[in-house]
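> Once you've looked at the hints, dock chain B against the given chain A.
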Amino acid sequence: MLNTVAPVWDGNETFMVLGGAALYGAFPVVYSTLLPANYMPLVLMLAGLIFRGAAFELRSKATRTQHLWDLAFIGGSALATFCQGVVLGSLLQGIHIVDDKFAGAPFDWLSPFSIFCGLGLLVTYATLGCGWLIIKTEGELQKAMYSLMKPITGVLLLVILAISIWTVLGQPAIAQRWFGGHNLIWFAPVPVLVLASAWGIFRAVNKQHEHVPFRLGLFMLFLGYSGFIISIWPNIIPPSLTIWQAAANPKSQLFILVGTAIVLPIILVYSYLQYHVFRGKVRENDPGYH
Amino acid sequence: MRGRLSSTAMPILDALHLARLQFAFTVSFHIVFPAISIGMAAFLAVLEGLWLKTGKDYYKDMFLFWSKIFAVGFGMGVVSGVVMSYEFGTNWGGFSTFAGPITGVLLTYEVLTAFFLEAGFLGVMLFGWDKVGRRAHFFATVMVAVGTLISTFWILASNSFMQTPQGYSIVDGKLYPQDWLKIIFNPSFPYRLAHMTIAAFIVAGFLVAATGAYHLLKGRRDEPVKRSFSMALWMLLLLTPLQIVVGDAHGLNTRQYQPAKIAAIEGLWETEHGGTALNLVGLPDMQAEQTKYAIQIPHLGSLILTHSWDGEIKGLKEFPAQDRPYSPIVFWTFRIMAGLGMLMLLLVLLGVLLRKGGKLYEARWFQRFVVLMGPSGIIALLAGWITTEVGRQPWTVYGVFRTSQSASPLDAQQVGVSLLIFVVVYFLVFGTGVYYMLKLMGKGPTHVDHHAAHPHPALENRAMFRPQDAIDG
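As given, the protein sequences belong to chains A and B, one line each in that order. Following my numbering, the numbering of the first sequence begins with 1 at its first residue and continues without gaps. Following my numbering, the numbering of the second sequence begins with 1 at its first residue and continues without gaps.
Worth flagging that the hints you see were computed from the coordinates, not collected in a lab. Idealized CB from N, CA, C, for every residue including glycine. Some clues are possibly wrong.
Said to hold, decoys possible - With a Cα cut of at most 30 Å, we get these calculated DSS-like pairs of lysine-lysine: (1) 131(B) with 143(A); (2) 251(A) with 182(B); (3) 174(B) with 101(A); (4) 174(B) with 251(A).
Said to hold, decoys possible - Reference listing, derived: stretches of chain B covered by chain A, where coverage requires no fewer than 3 residues with Cβ under 8 Å from a Cβ of chain A: (5) 124 to 130; (6) 421 to 430.
To be verified - Examples of chain B residues toward chain A, derived with CB under 7 Å: (7) 79; (8) 82; (9) 89; (10) 101; (11) 105; (12) 107; (13) 108; (14) 109; (15) 113; (16) 180; (17) 408; (18) 414; (19) 436.
Chain A on its own, in the form it takes in the complex (with noise of 0.2 Å):
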C-alpha cells in the first residue's frame, strides 16, 4: 500500500509546510493566534507527523525492526489526523482574541465537540483513503477496499450529520447563518451534493467504478470545508476576527499573489506529469523502495 503513494510522497508532505507557511505570510495574525490556541493538539500533530514521516523513510531500510515501523506509521498518521480534526473543532468554536493575540486558557481547545470533530476527520481521511486504493490496487485488496467503502461512507455521512446538528445547536450565529432569511435557500446545494455524492459513491461501488469513489470522495471534503467557511465567513477566528482583519497588508499580499500566479501553474504542470508518470496500478513486485 504504501508503494502507491510512495513517489508523489514528498510533495504531499510540501503541501503540510505550504500550509504553515502560507497562513504566515498571508495571515500572519491568524498563524500567530491560532497557533498557540491550539498548541498541545498541534505539538502532538507535528509529533505524529515526524512519526508518519520518518516510517515512510525508514521502514524498508529496517530488517528486525519493520513492524515497530508500520506501527509509527500507522500511530502517527491516526494522530496527525485526529489532532487536525481537533483544531478545526476548536475553530468552530471559537477562540478568544484580544489585540491580536490568544487570549484565552492553556485547555480550551478540548471539549466533547473538538474530540468529536478529530475523530470525524479520522473517518473522513479513511474514506480517501479507501477510494484511493480501490484506484491503485487489483485483487484481493481491491475487492476488500470495495466491500468497506459502502459501510465508511454511511459512517462519514453520520459524522457529517452529528457535527451539523452539534454545531447548529451549540453556536447560535451559525444557525443564524444557515437559517435566517432566505440563506437557506442559497446554500441548500452544500447538504444536498453532500447526500448525491454518498449516493454517487454507493452506485459506483455497485458497478465497479474504479475511479469515481475517490473523485466523489474528495468532492464530500470539498463541500465540508465549503459548509465550514460559510458558517464562519466573514471571521476567519470565530467569534472575533474576520478574514479582512487579519490578512497582512496589500503590498505583502500582492507580492505573495505575484510569486503564485507565476509558480503556480508550472507547480500544476509538473505535479501533474509526475502523477502521470506514476498513473495506473502499484504492483506487489514493482520496483520501488517500500
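The following block gives chain B in isolation, referenced to the frame of chain A:
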C-alpha cells in the same frame, strides 16, 4: 554604564527561555539534514552527468548508492522542516505577528519556488528509472539540485533580513515592506548565502570522503569507492580555502553591521586604540565584563577583522548591558568553527601531497584522519549557526524587535512539556534516521564488476533498479 542586569546572566527556565531552547534544539536537528541534501543533490547531479557523458557504469553505481542516503536525509529534512514552519506560530506568535508580513512572505516563496520543485522531481529521480528516459531522469536530478539551492536562497534571505534589516517601515506595530529587492538583498545576505552554500557542499564532501576512506581502510579498492574518495577530496580542496576567504569577508561585513556580535565573538570589552589584540582562548565573563585567562596575540585582532595593523574594533562596553549578546557561547562556538576550518585546510593539503606521491589510496593514517573528520562539516556548520544566531541576541529582528517581545503568551508548563515531547521524539526518530544513514554508508556502494561477467541486459537493469536488495540482504 556598568549594568549588572539579569538579561546578561545565564538563561533561567521561564517560558521564554524554554521556547528559545526548543527552537535551538529543533532548528539544530533540522539544519543538518538540509545541509546534507543541498550538497548531496549537487553531487548526484554531477555523478549522473558524468555517467551520461562517459557511459562508465561505476558512476551509476555511485549515483544509486548516494541517492539512497540522500533520500533518507531529504525525508528527515522535510519532516523536521514541517515542525519549523509551525513553530514560528506556536511558540513565537509575537514575532510572527510583527515580522510575518515580511518573513512569512519569504517563507511562502521558499515553499512555492523550491520545495515543490524538489519534491515534484524527487519522485522521478528515486523511482522513475524505468518510467522516463535517461535525459528526462537527468533533468529531474538537476531540478532537485536546483530546488535545494533556491530553497537556500529564500531561507537565507529571511534570516539575513532578521540580521541586517532594511527596506521596511513599521505600520501599526508591524513590519511593512517598502522595497522587496532591498529586503531580499540586504547587506549580510550575499555573504551568508555564499558561506552557507559552500558549507553545505563541505558537509556532504566530508561525508562522502569519510565513507570512501572507511571502505578503503576495510580493503576495498573498486572504482566506486576510490572515485567517491577522490572526487570528494578534489571538491574539498577547491572549497575549503574558498570558504575561509568567504568567511573572512562575512566577518568584515558583520563588523560593519553588527559590531556587538563581533565584540562578543572576540571576547573584547574595551575599544582599544592603536591595534587590537586577538584573544586566542579565554573565558569571557559577562558579570565581570572581562575575558579571563586570555592568551592574546597583539595586533592580530585588527589584522583579521579590519585587514590593517591597528584598525579599531568596538568593545562590548560600547553597548548597553541589555543589548549585549552572550559572549561565552559565541566566543567558543566561533573558535570551534574556525579551528575545524584550519584542520580541514590541513587535511586537503595533505591530500594533495599524497596524491602527488601516488599514495592517496594507500596511506592508512590519512584515511583514519578523513574518517575522523567525517562529521567535521556538520559540527562546523552548527557551531557557525550558533555563533551568528546567539550573536544576534537580544534581538530577533536586529535593533528593531527584541526576543523577549517575540514569544507567544504561553505558560512555562506548556512549553516545557512540548520541549520534552520534541526531545524524546527527535532522538528516537532522527536518531534512528541517522543510524540508518550510517548503516547505509557502512555497507558501501554495490559494485558490479561489469567486465568479469556480463549478465543479460534485462537482468542487469533489474539489479540497478533495486539496489536496496543487495544492501538490505
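> Please list, smallest to largest, the hint numbers that this structure does not respect.
none
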